[in-house]
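Quick mapping for you: the protein sequence lines, in order, are chains A and B.
Position one of the first sequence corresponds to residue 56 (our numbering), numbered consecutively onward.
Position one of the second sequence corresponds to residue 56 (our numbering), numbered consecutively onward.
Don't take every hint at face value.
Same chains, same names: a pair is fine if it fits in one copy or spans any two.
Pairs of lysine-lysine, BS3-like flavour, derived with a Cα cap of 27 Å [to be verified]:
hint: 1; residue 1: K323; residue 2: K214
hint: 2; residue 1: K373; residue 2: K287
hint: 3; residue 1: K290; residue 2: K387
hint: 4; residue 1: K385; residue 2: K93
hint: 5; residue 1: K385; residue 2: K287
hint: 6; residue 1: K334; residue 2: K385
hint: 7; residue 1: K57; residue 2: K99
hint: 8; residue 1: K347; residue 2: K201
Just so you know, these hints were derived from the structure itself, not from any lab.
Protein chains: 2
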Amino acid sequence: MKNTYFTPGPAELYPTFYQHLQQALDDQIGSISHRSQKFRDIYKFTDEQLRTLLNIPATHGIFFTGSASEVWERVLLNCVEFESFHAVNGSFSQKFYDYANALNKHTHVVEKPFGEGFDATDIEVPAYAELVCLTHNETSSGVQMKPTEIHKLKRKYPKKLFCVDMVSSAPYPDLDFSIIDSAFFSVQKAFGMPAGLGVWIASQTCLEKAERLQKTEDFTIGAHHTLPTLWKHYKDFETPATPNVLYIYLLGKIAEDFNRIGVDTIRKQTEEKARMIYKFLESSDAYEPFVKKEQHRSQTVVVATTHKPSAEVIASAKTANMIVGSGYGKFKESQIRIANFPATSAEQIAALLEQLK
Amino acid sequence: MKNTYFTPGPAELYPTFYQHLQQALDDQIGSISHRSQKFRDIYKFTDEQLRTLLNIPATHGIFFTGSASEVWERVLLNCVEFESFHAVNGSFSQKFYDYANALNKHTHVVEKPFGEGFDATDIEVPAYAELVCLTHNETSSGVQMKPTEIHKLKRKYPKKLFCVDMVSSAPYPDLDFSIIDSAFFSVQKAFGMPAGLGVWIASQTCLEKAERLQKTEDFTIGAHHTLPTLWKHYKDFETPATPNVLYIYLLGKIAEDFNRIGVDTIRKQTEEKARMIYKFLESSDAYEPFVKKEQHRSQTVVVATTHKPSAEVIASAKTANMIVGSGYGKFKESQIRIANFPATSAEQIAALLEQLK
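Please build the complete structure, drawing on both the sequences and the hints.
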């Protein structure tokens, strides 16, 4: 019997994934040239579907990388000459910050403990920071920063570039790309695909910065997947190197399915399912929500403290073919993580909660 | 009716690809955690199969990236403090060189015209070059550098790191990894998979260099997929970021199939099929082999000058559901490229040649 994956990525595959894959195999998408019209049509289609889904304006390009982690590096190389700023409250926002340090950027950080979240008023961005790096959804701790707070902060610092990690939440956050310069996600979370493709959204302002930095003597914006090279090829819906053509095709098809449902409906369904989970955790004697403040509770990755060792909870769910994620890092044994992505229905969530009882 | 792809990558999928993919879907490989024992077993299996196939000793690690192009950047960042050396005779060896320049390395180059190849005696490596970058198979021009020549050159410069691009030829070249420090390939060529995974082989000597560079003040080896981070996780058969789990699984299975046939047999079959193609080109009035010197003729990507416009040849083959590659860059209209990978049998090659008549 097949398992249902409630893990925060890799996660349950979206139900339509299989039929799209079959179609791709029938059409031999795995063999077509990335310099063919067929590929350009695929890139254009996926671009259009993501644009509709996430309300991305024409000022922004959509690019593909090997993973979302790669984008941490690319955005720092292409958009930061000297200084970056990071809001860190978990393992993934920490890694974004670590990447900046590894690239010898002068870094600034505001930190909060694991399980706590940021509002705009918590954050002062230093004068010389060029790029503000925010994490919409901290996959490790189940904390979100609301788009309204992200937008408020950007309005306070309109001249700084803002980049939002929405790896484990897109398409849930309704980011306003008329003010947000860059964002990125990976496909193995809420899009219900296998891992192996990152998506990077970046504005012309980011491009201009990268072009200026590229001309700066003794400065490097990297060699692979630089923003100017990506953008140059993007104009013709091509990529500088051979990309993951098959996954770009599948992502376009799943984004089209999401658009058929409507992103508003998907966001409402996500919130309804999240409400079910948090309500259960609050009323249960065996669990409690890890994140205390309601406005910081992630809608896509719910973290629960377990009163029993989490391994027992996970093993028990496994007997019912339900796979739940363990806590992250030092919380591995005292927490579980439940993904709430579009691939799992309200009925499946209800069945999981019944089992967790 | 399905096409047969004789294109130099993306290319025809290996015949067993479909059954391995079905097994992966049945086993829900697309949803498993990259921090699970199941994933570690997959990485270990693929590592073992590639190690057997390519005769890779325990001194070398095997790592996964988003593409082979990414490895150009990684090996330059991790293994070159100041100076790199490049043998350039086509578009892809040129790109390797371009990447080094983009990373502000002090670069040295020896060049040959498109269609000509290198022997060891053609190459003088400057005293301060740290990394010698060679391309076993130039996909753009159909030129190879024989492993015996690569080894001869390394023996002349034993203290320099040698990195071999075998993107469009592995597992064909019998590289001696007791002297070759690093090599890389992508899976959409001779391994008959869709694009989206690069494989990087690197020695402990490369690692030691990267570790030393990482400690050097004001120096960066990059942030994503650095060799020390890849190696640290590799010890447990894990990866620093979420990798393309599904493709790593499929690569292991196809490598296992290759090992069942035996790499010697695969190499012999490759040479026999190449002989058929070159013999046809030499005896035909409509075509001629682009590469004049026999020892430089690629065994895996055959380039032919067409007396008719190549578009006519390609269109004619297409009517028989055979897809042939166009020439590269400025040779687009006067050449065709025929991939000779394990996915296409001697019978399929014979049928293609019959059609090309």
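Right, here's what the structure says about each hint:
1. K323 / K214: neither (33 Å within a copy, 62 Å between copies)
2. K373 / K287: neither (48 Å within a copy, 30 Å between copies)
3. K290 / K387: between (45 Å within a copy, 21 Å between copies)
4. K385 / K93: Between copies only: 22 Å across, 47 Å inside.
5. K385 / K287: Between. Shortest inter-copy distance 19 Å satisfies the 27 Å Cα cut-off; intra-copy 44 Å does not.
6. K334 / K385: within (26 Å within a copy, 65 Å between copies)
7. K57 / K99: This pair counts as between: shortest inter-copy Cα distance 24 Å, intra-copy 35 Å.
8. K347 / K201: Answer is within: at 15 Å inside a copy they meet the 27 Å cutoff, but 64 Å across does not.
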